[in-house]
Amino acid sequence: TINSNQDIFESKSILFNLTFGMEKINETTIKRINDYLELFGLENIIENLNENVMSLSQGMMARIRIIRLILLDKQIWILDEATANLDKEMEDIVIKKLKDIAKNKCKTVFFVSHTPSLQKYADKLYEIKDKKIILTELTK
1 TINSNQDIFE SKSILFNLTF GMEKINETTI KRINDYLELF GLENIIENLN
51 ENVMSLSQGM MARIRIIRLI LLDKQIWILD EATANLDKEM EDIVIKKLKD
101 IAKNKCKTVF FVSHTPSLQK YADKLYEIKD KKIILTELTK
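Positions 1 to 140 (this note's numbering) are the ones given, in order, by the sequence shown.
To be clear, the hints were calculated from the coordinates, so they are not data collected in a lab.
Among these hints, one or two may not hold up.
Said to hold, decoys possible - With a straight-line Cα cutoff of 27 Å, these simulated DSS-like cross-link-like pairs (lysine-lysine) come out: (1) Lys-132 / Lys-97; (2) Lys-107 / Lys-132; (3) Lys-103 / Lys-131; (4) Lys-88 / Lys-24; (5) Lys-120 / Lys-74; (6) Lys-12 / Lys-31; (7) Lys-124 / Lys-105; (8) Lys-88 / Lys-103; (9) Lys-96 / Lys-31; (10) Lys-24 / Lys-12; (11) Lys-120 / Lys-105; (12) Lys-103 / Lys-120; (13) Lys-99 / Lys-88; (14) Lys-120 / Lys-31; (15) Lys-107 / Lys-96; (16) Lys-120 / Lys-132; (17) Lys-120 / Lys-99; (18) Lys-97 / Lys-107; (19) Lys-12 / Lys-74; (20) Lys-88 / Lys-124; (21) Lys-124 / Lys-103; (22) Lys-74 / Lys-103; (23) Lys-24 / Lys-105.
Work out the full structure, taking the sequences as your base and the hints as a guide.
See below:
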């Protein structure tokens with residue numbers, strides 16, 4: 001699960017924040033981290049993984065959360081306002097890449113968002129209205 005306002009350990013390193021929840025970290029893990037950092041436009045921090053995570057912008061931290069979610073390799077991904085700190089262009093890039101990764105890894109992804117523009121990436125749209133969950137049909 002990713003929540004846009006949580007899940008960053010402010011007193012810890014970038015590497016700690018990327019690997020939190022992993023049982024072991026080895027060369028393969030570091031290679032995967034570097035690959036995902038490059039994929040999500042964060043190649044400039046590869047040499048600085050031991051720096052404090054607070055040296056990053058809010059948008060960079062949002063991508064760190066997403067990369068950690070991918071690395072943990074759970075079957076279901078829940079992203080709660082995960083792209084809230086990204087500009088529109090980076091949001092589109094991140095969502096497209098995340099969808100591709102999820103599809104290739106056969107993951108189920110739930111995006112929780114107040115951003116209507118993200119609906120174009122949804123296969124199904126559920127809305128909460130009058131304390132009920134309603135499936136809204138999407139036309140593509």
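Hints, verified against the model:
Using a Cα cut-off of 27 Å, the hinted pair Lys-132 and Lys-97 is violated, with the two alpha carbons roughly 31 Å apart. With a C-alpha separation of about 26 Å, the suggested pairing of Lys-107 with Lys-132 holds against the 27 Å cut-off. For the suggested pair Lys-103 and Lys-131, the alpha carbons sit about 31 Å apart, so the restraint of at most 27 Å is broken. As the CA atoms of Lys-88 and Lys-24 are separated by approximately 35 Å, the hinted pair breaks the 27 Å bound.
For the given pair, Lys-120 sits about 24 Å from Lys-74 by alpha-carbon distance, which is consistent with the 27 Å threshold. Simply put, Lys-12 and Lys-31 have alpha-carbon atoms about 21 Å apart, close enough for the 27 Å limit, and the pair holds. Proximity of Lys-124 to Lys-105 is assessed by CA-CA distance (about 19 Å); at most 27 Å being required, the pair is judged to hold. Straight-line distance between C-alpha atoms of Lys-88 and Lys-103 comes to about 22 Å, which keeps the hinted pair within the 27 Å bound.
Pair hint Lys-96 plus Lys-31 holds up; C-alpha atoms about 22 Å apart against a cutoff of 27 Å. Between Lys-24 and Lys-12, the direct Cα distance comes to roughly 17 Å. Compliance with the 27 Å bound is thereby established for this hinted pair. Taken as a hint, the Lys-120 and Lys-105 pair is honoured in the structure, with Cα atoms around 21 Å apart against an allowance of 27 Å. Taken as a hint, the Lys-103 and Lys-120 pair is honoured in the structure, with Cα atoms around 16 Å apart against an allowance of 27 Å.
Simply put, Lys-99 and Lys-88 have alpha-carbon atoms about 16 Å apart, close enough for the 27 Å limit, and the pair holds. Taking the CA atoms of Lys-120 and Lys-31, the gap is about 32 Å. The hint is violated against a cut of 27 Å. Under the criterion of a C-alpha separation no larger than 27 Å, the hint pairing Lys-107 with Lys-96 is consistent with the structure, at around 14 Å. Restraint check for Lys-120 and Lys-132: the C-alpha separation of about 23 Å stays at or below 27 Å, so the hint holds.
The straight-line distance between the Cα atoms of Lys-120 and Lys-99 is roughly 12 Å, inside the 27 Å bound, and the hint therefore holds. Between Lys-97 and Lys-107 the CA atoms are separated by roughly 13 Å; this keeps the pair inside 27 Å, and the hint holds. Distance hint between Lys-12 and Lys-74 is fulfilled; the C-alpha atoms sit about 23 Å from each other, no more than 27 Å. A C-alpha spacing of about 22 Å is found between Lys-88 and Lys-124, which places the hinted pair at or below 27 Å, so the restraint holds.
Of the pairs offered as hints, the one joining Lys-124 and Lys-103 holds, with about 15 Å between alpha carbons and a cut-off of 27 Å not exceeded. Between Lys-74 and Lys-103, the direct Cα distance comes to roughly 13 Å. Compliance with the 27 Å bound is thereby established for this hinted pair. Proximity of Lys-24 to Lys-105 is assessed by CA-CA distance (about 21 Å); at most 27 Å being required, the pair is judged to hold.
Comparing the model with each earlier hint shows violations of hints 1, 3, 4 and 14; every other hint is respected.
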